[in-house]
Amino acid sequence: MQSFLEFEKPVAQLQARIEELRAAGGACSADIEDEVSQLEAKSHELLVRTYANLTPWQKTQVARHPRRPHFADLVAHGFEDFVPLAGDRAFADDQAILGGFARLQGRRIMLIGHEKGHDTQSRVRHNFGMAKPEGYRKAIRLMDLAGRFGLPVVTLVDTSGAFPGVEAEERGQAEAIARCTEACLALPVPLVAAVVGEGGSGGAVALASADRVLMFEHAVYSVISPEGCASILWRTAEKAPDAAEAMKVGAKDLLQAGVIDRIVDEPLGGAHRDPVAAAVSMASAIAEELGALVGLAPSTLRRNREDRFLRIGG
Amino acid sequence: MSWLDRVRNTLPFLARREVPENLWIKCPRCDEMVFTREYAENLSVCPRCDHHGRIGADERLRQVLDEGFALLPTPAVREDPLKFRDQKRYTERLKQARAKSAHADAFVVAVGAIEGRPATVGVQDFGFMGGSMGLAVGAAFCAGADDALRNRRPYIVFTAAGGARMQEGILSLMQMPKTTVMVRRLREAGLPYIVVLTDPTTGGVTASYAMLGDVQIAEPGALIGFAGQRVIQETIREKLPENFQRAEYLLEHGMIDMVVKRSELRPTLARILDYLAPHTG
Ligand SMILES: [Zn+2]
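Chains as they are written, first to last, in numbering that gives the first Met the number 0: chain Y, 0 to 313; chain D, 0 to 280.
Next up, chain D with everything else stripped away, as it sits in the complex (with noise of 0.2 angstroms):
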């Protein structure tokens, strides 16, 4: 069975029921009509010009990972800390985020496999408020370093990410260090740290645990900055150059190892697990 059969067979019922075959989508690049079904079984990337669309916390382990994967329990933190409002209550913007999500918050993690190579690996959503970095998104990501460093398996995390949760104020920022100190302890430990930046990372996440991988890989067109763009450009009123915060123009300035496309994630951070992963020959 191939991989991609694979991936087909572990798309859930209700994945399969929502994505009936006479429905259409439109590539948002090349505005090219895709069968939805054929878009799906391709990774969710469009057949005809190999635009990376967002995805899931679910369709990326199910796309990473080998069947079998377990997803570990959301640790439990302090919620709306500030009681923060805007124009709306910041529990509002969260009960109506989690009724589109599967999730709690926007950082899953699961334990399995990549082709037989043990994994603990992190997912942010972007489709959850925007990906953004507060207590849960945190604590989740520690507790998937802790979970390596208990295990003695490679960390992998796929960040998508607006930036902070303002709605957590401060403590959002202080998620900076937090997880810094994370990453440096499964330094200490040797254990492979590897990211995946994915459209779009930004802001306090890039400043944070999404630059500080031993191997830095995006996949292709994503944006990644720490700036917002329209926040440049605002500050020195120039047009703001071609491919600009893109995977491609951040490899050509020297900032990540390599762009990957979404079909050869599997086989690449598997190559690369085989020269990282602790206990390997």
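Extracted from the complex, chain Y is given alone in its bound form (with noise of 0.2 angstroms):
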């Protein structure tokens, strides 16, 4: 079962069209064959233009489509060989963020990423990818692990934040925040990163600290939600897409403003209508990006990486 966006309706009552006339017709009408094929060249083009023009409020509907791949789809069709590994050693194994060794085209790396899970059981166990602590403690114990074994480091953010509860705070979310960023920018290996979903505000560049940032042509990345954004500055929650609009969410923007350096395009009408060709497409992406920056000194990564984000916004 496809499930259609609020703003797909179109698509979706072209596709209901079709479905009516192949049920009613099988396959034996060449009249309806006709008809159909014709219905669906239509829906092919609507959602061609649709993809082509979406708002940044509705990039934030397809960064957050619940089909959408996840860390998990990622790793199965864009990576060999996840080794998972668990636990911040201090406190507890956080599952909304996930990391282990892999093999990207080969090459081994360190692949951390935040998972949102995909089914009420799972996104419970995940936290809807909203990390604690121990999270951020777990991220920075495998980059400490990857860095003193040489191993290139690939992140996958997708967090609408970090989690905002008591426990969260009284263990140090901010703290484990500020750590894992200044992990990002000590390590002496690569460090690639990936938005694939939605990039939220500090959770998000807790991971993001990176040499090269890539993201997912329909991904968004902020520094905060646009309900709070507009919940703060224009009173209500329900002006959301005004504030995705002024915030300017979207890729194009971010690579404009030197935020993110390459976008990775998704399978037509979203990376949730062909997860498999999605992530075969933000790995070989990774892949390259890693394939520039393997071999250059730990000193030189660095101070790159560290002039990278003097640079940004001057």
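Below, a list of computed lysine-lysine pairs in the DSSO-like style, where the Cα atoms sit at most 30 angstroms apart:
1. Y/LYS238 / Y/LYS8
2. Y/LYS238 / D/LYS238
3. Y/LYS238 / D/LYS94
4. Y/LYS238 / D/LYS87
5. Y/LYS251 / D/LYS87
6. D/LYS82 / Y/LYS238
7. D/LYS82 / Y/LYS251
8. D/LYS238 / D/LYS25
Chain Y regions said to be covered by chain D (calculated; three or more residues, Cβ under 8 angstroms):
9. 161 to 168
10. 172 to 185
11. 301 to 313
No lab work stands behind these hints, which were simulated from the structure alone. Only a predicted model underlies this, so the values are computations on that prediction, with no experimental measurement involved. Every residue gets a Cβ at the ideal spot worked out from N, C-alpha and C, and that includes glycine.
Mind docking these for me? Both chains are given alone in their own frames, and the hints should help you get the complex.
So this is what it looks like as structure tokens:
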């Protein structure tokens, strides 16, 4: 079952009509065949047009689509031999951030990323991708491990933000994020980050303070959620579409601002329509970027990474 | 001359004129009416209940630094990079904030000494758009760190912020790694970086340079956290613990080194500098 977003309604209607015709006529009537193929062409064209002109708020919907490929899907279809590693060695294993050894086109790497989950049970287990301090501390541990053994690090960013809760605050959410950002900046090995869904605030930047930052075509990356921004500045969350527009949360604007380095195209109609193809193209883009960084001296990597962030916005 | 006398004497003419003797203010915590002048002389701390009031950058610098400190020039940054507009234009909000402030944005850096010990001191001003961190705050923080690095001085930063400057979008978020780069450089250079968390310090500021100090100090009662209390309450739908996200709560949970009264800040910073500052015996 395809699930359609609000702004995809015209496409959904065409698809429903196609289904109807198919059910009514079977495959025997040439007339119906003809109409179906015409409608399919029309639907395709409509999808192309819609996705070529998504507003920042529509992109936010696509980035949050429940079927959007998440960490597990990207790992399954874009990487090989994933060896999960768990725990922060201090408090718990936070399932909102996963990580471990993996191979990318044969190259040994450390892979770390947010996981949102795909059904009720797994969403609860992964806390909807909202990490607690122990998640960031696990990421720090894995980055440290990667640094010592010369494994380049790849991060897949997909979170609405770090978890806002009493326990998280009690255990030092702010400190954990700050240290994780610092761990990114300190890495003696290449670090490529990809914003694959939502890049939400400090919880995202903690894994994205990288040499290269890639972004899926319809992913979003922002300092605060459009709803959060709207409820503060417009005093109502209903103005979220305006806030998304004003904050320029889409990949094109972020590329122009020098915040990201490369946009990775998604399959027509968004990554959720073909998760496998999406994973494959993201993985190969990451592999290309890594290829250009591997072999650089640790001091050069660090200096370039620092300069990248000192320059942004200047 | 006692330190308090000196602070009193350095209150600029304007501040004195604005603090006539016959005015009272109501303490926001104990509701007691306090002589405004007594309040100012007590470092903007309520003499009845010890509530530490919010103070601006200039007052902070006068309280903490020896006489004769100098302000560093404000780094120029791109203004309104997003051409942001909510119900009001961002440029309009900036203009209003500047009309009420002696400074161009929410972070001021001064060089001077604390009880004779040289230091570069950065102060974030909650009074300027909630102390929010955008390009200007990031650039000023970095300029302070640069100054400390160039002159091999300790860097002391007083934080206060509601969070990021949303009107600068992702560029405000990018100040988190940017300022962290400078903290790392101080560390590599063997220079102390001391943070004094003041009320309130929340959001992306807390999740970057505010939590990376070699020594972490907080003022009594200061609100310090990552997420806002309203957001947390909406998420967990439970009553928040008493003292939640207050300085004393953070101390109890191992997140900071000490809670220090405003009247004790100068001697405390001086003692710490004696252990960490370069070229001391
Ligand atoms: Zn009081």
